[in-house]
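> The task is simple: from the sequences and hints, build the whole structure.
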Amino acid sequence: MTEEITMKKIDTFAEHGDDGATNETHIEAKDFSLFYGDFEAVRKVSMEIPKQKVTAMIGPSGCGKSTLLRSINRMNDLIPSTSATGEMIFDGHNIYNKNIDVVTLRARVGMVFQKPNVFPKSIFDNVAYGPRLQGTKNKQELSEIVEQSLRNAAIWDEVKDRLTANALGMSGGQQQRLCIARALAIKPEILLMDEPTSALDPKATAKIEDLIGELRNNYTIIIVTHNMQQAARVSDLTAFMYEGVLVEFGKTKQLFTNPDNPQTENYITGRFG
Amino acid sequence: MRLETRKLLDKAFSGLGIIAIGVMAMALLLILTPIVVRGSKAFVFKGTIEFRRMMLEQFDRGDPDKFNQEAASTAAARAPVYLMMEEFEAEMKAMKSSERREYKAAFKEVEKSIETLLGPIPGERKPVLLRQQYGQTRWERTLVKLHEALYSEEWDYSNADAMGLLVEKPRVEQFIGTKLEPMFPYLEEHISDMMLPKTTFYWRFITDKSKDSHIFGGIWPEVLGTLYLTLGAMIFAIPMGVIAAIYLCEYAKEGRVVSFLRICISTLAGVPSIVFGLFGLAFFLNTIHVSNSKSVLAGSLTLSLLILPTIIRSSEEAILAVPRAYKEAALGLGAGRWHTVMSVILPASLPGILTGIVISMGRAAGETAPIIFTAAVSVGAPLKIWETLSQPTPALPWNIYNLCTEHEAVDEIRHVQYGMVFTLVAIVLLLNLFAILMRARISKKLRG
Chain Y
1 MTEEITMKKI DTFAEHGDDG ATNETHIEAK DFSLFYGDFE AVRKVSMEIP
51 KQKVTAMIGP SGCGKSTLLR SINRMNDLIP STSATGEMIF DGHNIYNKNI
101 DVVTLRARVG MVFQKPNVFP KSIFDNVAYG PRLQGTKNKQ ELSEIVEQSL
151 RNAAIWDEVK DRLTANALGM SGGQQQRLCI ARALAIKPEI LLMDEPTSAL
201 DPKATAKIED LIGELRNNYT IIIVTHNMQQ AARVSDLTAF MYEGVLVEFG
251 KTKQLFTNPD NPQTENYITG RFG
Chain R
1 MRLETRKLLD KAFSGLGIIA IGVMAMALLL ILTPIVVRGS KAFVFKGTIE
51 FRRMMLEQFD RGDPDKFNQE AASTAAARAP VYLMMEEFEA EMKAMKSSER
101 REYKAAFKEV EKSIETLLGP IPGERKPVLL RQQYGQTRWE RTLVKLHEAL
151 YSEEWDYSNA DAMGLLVEKP RVEQFIGTKL EPMFPYLEEH ISDMMLPKTT
201 FYWRFITDKS KDSHIFGGIW PEVLGTLYLT LGAMIFAIPM GVIAAIYLCE
251 YAKEGRVVSF LRICISTLAG VPSIVFGLFG LAFFLNTIHV SNSKSVLAGS
301 LTLSLLILPT IIRSSEEAIL AVPRAYKEAA LGLGAGRWHT VMSVILPASL
351 PGILTGIVIS MGRAAGETAP IIFTAAVSVG APLKIWETLS QPTPALPWNI
401 YNLCTEHEAV DEIRHVQYGM VFTLVAIVLL LNLFAILMRA RISKKLRG
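Chains as they are written, first to last, in UniProt numbering: chain Y, 1 to 273; chain R, 1 to 448.
One should not assume that every hint holds.
[Claimed, not checked] Derived pair list, reagent style DSSO-like, types lysine-lysine, alpha-carbon separation capped at 27 Å: (1) R:LYS209 x R:LYS198; (2) R:LYS253 x Y:LYS98; (3) Y:LYS98 x Y:LYS51; (4) Y:LYS160 x R:LYS445; (5) R:LYS198 x Y:LYS139; (6) R:LYS444 x Y:LYS160.
It is worth saying that the hints were derived from the structure and are not from the lab. Predicted, not measured: the structure shown is a model, and the values here were computed from it.
Take a look at the structure:
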């Protein structure tokens, strides 16, 4: 029996550079496949996701982009009978190594879901949930983290007067930004966003997109989206997936203006999908 | 389908729905009304001077001065009755023995019915049984006993082809021409002076011990026993049930074993309660000896087994109804399974779990069969909390059955029977109400 690998980060926030211009690889998939039972939802994907950049994943419904995203913090474990082959390397470890401590992994890879999924608790308790899990008990410290996270998620001004109100009373867009604040409060290095604006109106969507623009300096963001304009607007890199296969992955500008692959071109020009 | 047809179908269906609900409401009304009306008579009734005498002597309650006044006035009203009886006895003594024999048996009956009605005849030895030391304590029973004192029941067998016919004959006819003759009309006329009926509010019916096996007093030992048994069952069943449900929903791998377990739980829910009772006797008392005799502990354990399936199933439903998004959110923030359950899933499923608990609490409070062999006795003192580990207890459901079927004076204590039913229903309703309020509060908090 090998020893359990904890993914606990050594250093915290300070680790993030301020210039945001590194070209380091943060996450690397090597021939990574993910199966639901016999169905191969992600097929031998290999890609290097750079640090502190926004990477968008696009593709038609069912192409495996969400599955790939959820593989990065092993959220697919919730679904029975999933299995993975190949490697997903983060911080020098294959996170699908069975000795990996998933809980510490998820504390470093935050996630924002398609539908705002705030807890039926107060706004404060929602944001403080993660820090409390990590053992922060000091009230003062907690409030600081909560305030900072809410500020980072650009929602502080809207909620500062009603932190004790139930989060379910907020609008959908506010809830989604609260979810982002909640994810930021655990000080992750990577932020996974699974179609974060698909349940929101255009105005709320614009706010979230602005937010992504601000967060890109401190976090590695991977966003799955159905909206190609959104991918073009917010991302540095774009990956196009089709039927589980990574068809093309490159700089967003290039992928949208001059794609290498005819399939990509067909998709972004709206000929299918 | 044409628009009219659809409309007609919709109307027909909503009509059926209203009828169904109406029938249900009627049934509920039909069941509850007599329970409430008759049950409340255990608490509010016309009490006689005998009731006040009993309360003063047995429970040390009431104003002695006022009672003495009343007692004096009733004694004055009763004096002619006793006097006439005495005179008649003297008259009898003077009779020839053949004549005397004719009256003797009839007079004995009169004497007895007067004692039942008014209590022991002054100057005679105090009877041993408590119930014989007092006359009728309740006005409605007084009237029944008065009737028995005034009329004798005889069987008329004159028609040989038919069954015997019960006929009532005025007793006065047996004593025409004697000194006892005027006593009967006097009794009928002055009964209310002799008994002084007064509307009595006896709320302590719930908190009083019973005297002379429920002839007098209240039902506190039964109420307490029911509370002990219900709470005891909850103490065992809630943690076991909720933990089992969490395990089945969150930890166990779906598969044959879990399906089989689920079938077992459903089957357990369908086992007749008497089987649980016998199992409790065989296992808790005879095999593992949780106590030397029947006890509240053994009864609680048996009841907890009975309600366990309900709690598990309803908790499971509640846990499965928690949006997956909550679970994903918690796990996504780095919460472990245990933490996810405790901080997100349990709070969100609490209203549903509480519903199951409420339903099973009502069931545990009202079950009779499981406690017959494991916990219940027909007469007993209220238990101290530590005595529940070793002592049996009276309990409402069992004592209702017992008082209605096996009591030696079933007819005399109808008010106690109905009072117990009323109290049991009230306890269950109150428990439910409490839980419903709690649930509403929690849901409101969850909804924001």
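> Would you mind marking each hint as holding or not holding in the structure?
Hints, one by one, checked against the model:
no.: 1; hint: R:LYS209 x R:LYS198; result: 23 Å, holds
no.: 2; hint: R:LYS253 x Y:LYS98; result: 18 Å, holds
no.: 3; hint: Y:LYS98 x Y:LYS51; result: 25 Å, holds
no.: 4; hint: Y:LYS160 x R:LYS445; result: 20 Å, holds
no.: 5; hint: R:LYS198 x Y:LYS139; result: 65 Å, violated
no.: 6; hint: R:LYS444 x Y:LYS160; result: 23 Å, holds
Of the numbered hints given earlier, the model fails hint 5 alone.
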